[in-house]
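Go by the hints and put chain B onto chain A.
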Amino acid sequence: MSAFSAINEEREIERDEFTPGIEPQATWCPGCGDFGVLKALKQAMPEVGKNPDEVALFTGIGCSGKLNSYFNSYGFHTIHGRSLPVARAAKLANPNLEVIAAGGDGDGYGIGGNHTIHTARENHDMTYIVFNNEIFGLTKGQTSPTSPKGHKSKTQPHGSAKSPIRPLSQQLNAGATYIARTAAVNPNQAKEIIAEAIEHDGFAHIDFLTQCPTWNKDAKHYVPYTDVQQSDEFDFDVSDRAEAAEMMRKTEERLYEGEVLTGRMYIEDERPSYGQEKRQIGEMPEEPLAERYFDEDAEWERTYDNLLEHHK
Amino acid sequence: MTDNELIWRIAGGSGDGIDSTSQNFAKALMWSGLNVFTHRHYPSRIRGGHTYVEVRAKDEPVQSRGDGYNFLLALGDSFARNPQEEAYYGKEELKPLYENFDDLREGGVLLYDEGLLDDEDVDEIGLEEAAEENNWHVVPMDLRGIAKEHGREIMRNTAGIGATAAILDISTDEFEKLIKQNMSGDMQEANLNVLHDAYDAASELDVDHDIEVPEDSHDEEQVILSGSNAISYGAIDEGCRFISGYPMTPWTDVFTIMSQHLPAFGGISEQVEDEIAAAALALGASHAGVKAMSGSSGGGFALMSEPLGLAEMTETPIVLVEAMRAGPSTGMPTKPEQADLEHVLYTSQGDSARVVFAPANIRECYTQTRSAFRIAYEYQIPAIVIYDQKIQGELRNLPASHFDEEPNADPGSVLTEEEIQDAAHHSSGKFQRFLHEPEDGSNVSPRSVPGQKDGRFLATGNEHNPSGHISEDPENRIAQMNRRLNKLDDIRADLDENTSHQTYHGPEDADYGILVWGSQQGTVFEAVDRLNENGHSVKALGVSDMAPYPKEEVSEWLESVDEALVVEMNATAQFRGLTQKELGKYGDKMSSLLKYNGNPFEPAEIVDGFESSIDGEELAASNMKYVPAAGD
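Chains A and B, in that order, are what the protein sequence lines are.
Be aware that the first sequence starts at 1, since it is given in the working numbering, and climbs by one per residue.
Be aware that the second sequence starts at 1, since it is given in the working numbering, and climbs by one per residue.
In isolation and in its complexed conformation, chain A is listed as follows (with noise of 0.2 Å):
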């Protein structure tokens, strides 16, 4: 029997299973747009068929980094910007765990954006949602790397000279083979592509717009939205790749001219993840490296009988 008997267990999953039996006080402000990422994921959980225990949800520090708490699977809050080499390592580990990382966009875009770019350029197999509500929340109000230029807080009274990193453009250059952008006011374009990106084959970006209704005034300019999708105006081949670059600069652009355009910007479906590549290259094993610890049959080599000889 494997060790990991959670892993697979073929049953019928209920959302509430994801709320902890005693919900820990939120810490959320009053209408904050992590409520919505948070229900999204909890509804996106049956229909992909997973149970808590064989979910690993890895967050940065903020605001975002709370969703753990509120969310029960397995969790490892981690450190700012930091979440995805965590989580990467956590998928090469156990291959069958259902990874997903979280952050903010200060977290994703900002110091972790080393991580980012990388984590998408391997190619993964994991989903990372980034709450973008273009603004440092729990830090009380400062410009983030999404803010539009001309944002004025109070580490930038004169109105930011910076423009906004563009995150979908950046995570399609990179590598990313699932980008989409999604936002807490339609919960049911967000669920359904949660539970899109946690079935793709490789790594899932989302760009979640929450609004942050305490230091981002701003944040109302999410409603309404469009749903690419959905609207004639954009008919658009999400796998090709020229006019998913062409879709997400015209998202990019409209986002900060008030206009919020979301749904599916690109997907490529024949790209190998990066543990099937390792794995065809032999630099990964057959089966789950985890288990092997909870094998008692395993047999371990030694370097005594494997490396020594070119040294005698």
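Keep in mind that the hints were calculated from the coordinates and are not lab data.
Just to be clear, a hint being listed does not mean it is correct.
Far from chain A, by Cβ distances over 12 Å, these chain B residues were calculated [stated by the list, open to error]: (1) A409; (2) S442; (3) P474; (4) N532; (5) S622.
Sample of chain A residues facing chain B (criterion: CB under 10 Å; computed from the structure) [unchecked claim]: (6) N94; (7) F234; (8) E301.
All residues carry an ideal CB built from backbone N, CA and C; glycine is no exception.
Same frame as chain A, now just chain B:
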């Protein structure tokens, strides 16, 4: 046993094959029954520049590089011949010759490749005068010419070995065996011809010198390897199957060795974007149930400070390797120093609970890396193996049986699914991962691994309650802090009971002591033997446990001596400071002998340093610093 020894130095440009030639030379001497030890010196440059390797051979185990050397094979820097940049390179091709004058002992042999150097140039560097003054036996030979006769100039290394063998009256059998083992076809034949031609040519020269190469035979089968090999093999034998890293000298060595071998052992290696990621990956793999390690050198380790603290707070076991080089900042990339001790002990925020071992030699690199994994996974704490560029680069032989140890794949204090079912759970449904008072009375609360049924918990870098929920409750805080920190006492007791990593050397009742840590231990032990032969009464204690500090052992030893000299390769006496801090006294008993010029101590320097310190004299040598006792 004799006092005879050979210290053979081969010098040339980086990229001239100096390293591999010296490795072969050392291996052949080992095969012939000698004990060998190599010392590497190289610039932070890939091709060209002055580089050398020394091979010291004796009929007893060799502990250090020794003082100076008695045979120089100077090959000439082939990369100095760059017509476009002549002005820049200047007379660099001569460097392997004249840069090595200082340490060649009186009566030594100097064999150089005249095929690469003009006579006029050689005249200019004052070789003749130096040779006369020091009674050197100078042997110019056209090694390049001999090599070219059989094909390629690069084989002048083989010619050098052949000539060395003739001059020292060593049989060429072992060298032939090596060539046959490493090469095939035309290359093999050409090299064998070069070896023999150079041997014959040098035999005719009849060089009259006093070097006697000792003879002996080993009782058991030997292996020759570096500290980095030993650390890697220790990790693999202790069940490590995941490594993540970013290249940085000298850490790259361990990273490379592990990356090359892990897949064959069913493991995973990851070269990632930076050192923060590297340590974070090791954490992620360990969290998911795999024995994992990462590492770096000073600058890269600085980036690991964050994930290191996270490992402490989440009680996720990991092993980190810190390969020291001279700092601060980028410092001297290819030069050894022992100045990152405080960096690894104290980096990262908060009161820290971590384990730090500083192996003394290749033997200890293996055993202490195994200890580091065992302790890390049993006690759920990060363990750091700190060593330096010296041990990383040096090769040494030891019995193969030292590595004949059973593997240990035990993931430590992890529960099985059955055990999780019986364990305490919080009313939120979460498993009580961080109990204040674990059932067995220890300070270790066993963990679950993602994917196990009903083992869900939250690992967080925030302070947390027993089920992992973030908590700022004062009582919980104290209970968790105490439990994490108390592990260090348990680990100390465990180490004292199972494996003392400290090494005692010299007569037990000696009046004076030399206290030393890490890679300088062997050199100090050799110096202690000489001091006692010179009529002093000295013993040494080599300390390899930096944290938790072996307070009792060091304290007892310090009580037993009148005064102690603390020898270390840094400018601020970091280990002496640690000792004083941990023991809370002996500030009036400990003085320091420090060296931080990029080269490790030689035994004679320690002898000098010790003698001038007890005589209250100034150090004669300007390359060291003496810091007297400071009081408590």
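Notebook entry, point to check: Are E301 of chain A and chain B close enough, Cβ to Cβ, to be under 10 Å, as the hint says?
Noted result: The hint holds - E301 of chain A has a Cβ within 10 Å of chain B, the shortest such distance being about 6 Å.
Note to self: If I take the minimum Cβ distance from N532 of chain B to any residue of chain A, is it greater than 12 Å?
What the structure shows: 34 Å, holds
Next item on the list: Grab the minimum C-beta distance from N94 of chain A to chain B and call the hint holds if it beats 10 Å, violated otherwise.
Entry: Hint holds; N94 of chain A Cβ to chain B Cβ min 5 Å, cut 10 Å.
Note to self: Please check whether F234 of chain A passes as an interface residue: C-beta within 10 Å of a C-beta belonging to chain B.
What the structure shows: Not OK, violated: F234 of chain A not within 10 Å of chain B, min 34 Å.
Checklist line | Interface-negative label, A409 of chain B against chain A, beta-carbon threshold 12 Å | finding: 5 Å, violated
Checklist line | Least C-beta distance between S622 of chain B and chain A, which was stated to exceed 12 Å | finding: It holds; S622 of chain B is separated from chain A by about 39 Å at its closest Cβ, greater than 12 Å.
Item checked: Whether S442 of chain B stays farther than 12 Å from all C-beta atoms of chain A, as the label says -> S442 of chain B clear of chain A: closest Cβ-Cβ about 21 Å, beyond 12 Å.
Item checked: Reported absence of P474 of chain B from the contact zone with chain A (all CB gaps over 12 Å) -> Answer for P474 of chain B: holds, closest chain A Cβ roughly 18 Å.
Checked against the numbered hints above, the structure violates hints 1, 7; every other hint is satisfied.
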